[in-house]
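J.: Put together the whole structure using the sequences plus the hints.
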Amino acid sequence: MSEKRATREAYGATLIELANEGLPVVAVDADLSGSTTTAKFASAYPDRHFNVGIAEQNMIGTAAGLAVEGKIAFTGSFAVFATGRAYDQIRNTVCYSGLDVKVAPTHAGITVGPDGGSHQMLEDIALMRVLPGMRVLVPADVVAAREAIRVAAATPGPFYIRLGRAAVPVIYDDDYTFELGRARVLRSGVHVTLVACGVMVEQALTAAEQLELDGIHAEVIDAATIKPLDAATITASALRTGAVVTCEEHSVIGGLGSAVAEALGELAPVPLARVGVRDVFGTSGEPAELMEHFGLTATDIAASARELLARKR
Amino acid sequence: MTDAARIAAIEAKAARMRYDIVEMIAEAGSGHPGGSLSAADIVATLYFHVLRHDPARPDWPERDRFVLSKGHAAPVLYAALAEAGYLGRDHLKTLRKLGSMLQGHPDCQKCAGVEVSTGSLGQGLAIANGMALALRLDENPARVFCLLGDGELQEGEVWEAAMFAPHHGLGNVTAIVDHNGLQIDGACSEVMCLGGVAEKWAAFGWEVRETSGHDVEGLLDALTEPPADPAVPVVVVAYTVKGKGVSFMEGDAGWHGKAPSAEQTATALAELGAALEAAGSTSASATEGGAR
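As they're listed, the protein sequences go chains E and G.
Numbering-wise (our numbering), the first sequence opens with residue 16 and increments by one.
Numbering-wise (our numbering), the second sequence opens with residue 124 and increments by one.
Since the hints were derived computationally from the structure, they do not count as laboratory data.
Take the hints with a grain of salt, since some may be wrong.
What the hints assert, rightly or not - Derived CB-CB ranges, DEER-like:
#1 G:ASP177 x E:GLY37: 39 to 47 Å
#2 G:ASP261 x E:GLY196: 30 to 38 Å
#3 E:PRO243 x G:GLY328: 38 to 46 Å
Just so you know, even glycine gets a beta-carbon here, dropped at the ideal spot from N, CA and C.
T.: Here you go:
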């Protein structure tokens, strides 16, 4: 876990790979192709890259039209604009028509940093998760991001792939494979289950190490597929450990914590704590400062786990 | 077929579609007659002369595409699809009913011949542009036609898409504005003035053509004349009357989105039936119509 790379780095590079392999991928951007890394794809495949300008609704609509005609259409932008500004287009055109559009924005969550609350999208997982037919992927590192993009390209229908701006440690080896709807147990434990996604997987792994020092053996699960959620793996773990902490760089309302709570509530009610942003907007600051400010660090996760264990006993 | 016979045949199709529109909305008990009737001549001209399509093969790759951006006018599309043979006429009476392929707004996953689902206003032209990009990429000569309502032009996305098409040289796109001047709350000019519609499209770089949307000859000219520059998209601003063909619906915003009562239906169908009969007699010798 020494090398650090942003998940967004996988975006443009993987699109080039897919095009090289003969897939009919196209990319539609809204004036952010440098930030989203599709500029690389645009250089490699200029006739398959379309810039709509600063017009995210049009970006989704144009991508939808490309998908109607058999293209695998990827759209970029920042998560806040890609989902919030174009929600109706994603709902009524992409999902309602069941189109092969992959919404893969970057700069999600508070780790976008100093741009502040207007740009720190903390509701996107909730917005996308509720759409019929939409699959929601939150890869933990650049390797997982690459594989998530490949799976989305190979699977017909709408996908949301949440990518980040900030560099995060590389967790997975090159032999990692992404399975749609499968959560991955990264570390086995018996006392508490930590279910994380995205940049929080690294924090959960570190939290598990901290807990280990107290003799608490935490199980860590990377729930990279928020929808369809791997309820079987998560509830099986919950029934073994008897306590679950969810960890997300997102609002605790509607995201991973909600999805896990729904699964546990129906299948395996155990004490649950949700680490995430608690119904407030983001604020300017450096990513590491913000992780502390909003209580999303490994130390915060470990503290939640300890409190939860007290409740369990 | 002579031009006169072709025009008469299209007019007869439009008359049939108007009758079907009112009949299916009356049967459904809800729907949007005003904007369906205003667009009948436009859609009939498209389906029964302009579009290259084959109802026996809705997925024929080289077919011209039609996107109904003003999705609430679904009945006019369904009437055309039935008349063209995409769906059996018996489906028309299932409009808006549970289990029907004819949803309140077009659903491409339920109804063959519907290229893409629409209903949330302002989204069709962007989709049409995307389709046109893909067709060009595939060196497919098919064209994309997109019908918009005038009230719909108040949506910002329309102008995002209007900016996009000329910028990307989408000469294979034709937009058509059903300019009937009315929206739900009243006259467009009073609810939110559109200003000069033709001037706006021209300012965005489109080749603008204006015609009466009820003059089939004018529509044929506007929709078939090649553009001066093949890389410039064409927009046809078609001036229409909302509720066209039903005396008590014409020009009345109140008929945007409600079904007629039994008595009103009888009156409307009597008027439309007479028009259908008249159109049928003038096009009696013109039996060629239909898909090419």
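J.: Each of the hints needs a verdict: does it hold here or not?
T.: Do the hints match the structure? See the list:
1. G:ASP177 x E:GLY37: 39 to 47 Å: Since the Cβ atoms of ASP177 (chain G) and GLY37 (chain E) sit about 29 Å apart, the hinted range of 39 to 47 Å is violated.
2. G:ASP261 x E:GLY196: 30 to 38 Å: 33 Å, holds
3. E:PRO243 x G:GLY328: 38 to 46 Å: Holds - the Cβ-Cβ distance for PRO243 (chain E) and GLY328 (chain G), about 44 Å, lies within 38 to 46 Å.
Checked against the numbered hints above, the structure breaks only hint 1 and satisfies the rest.
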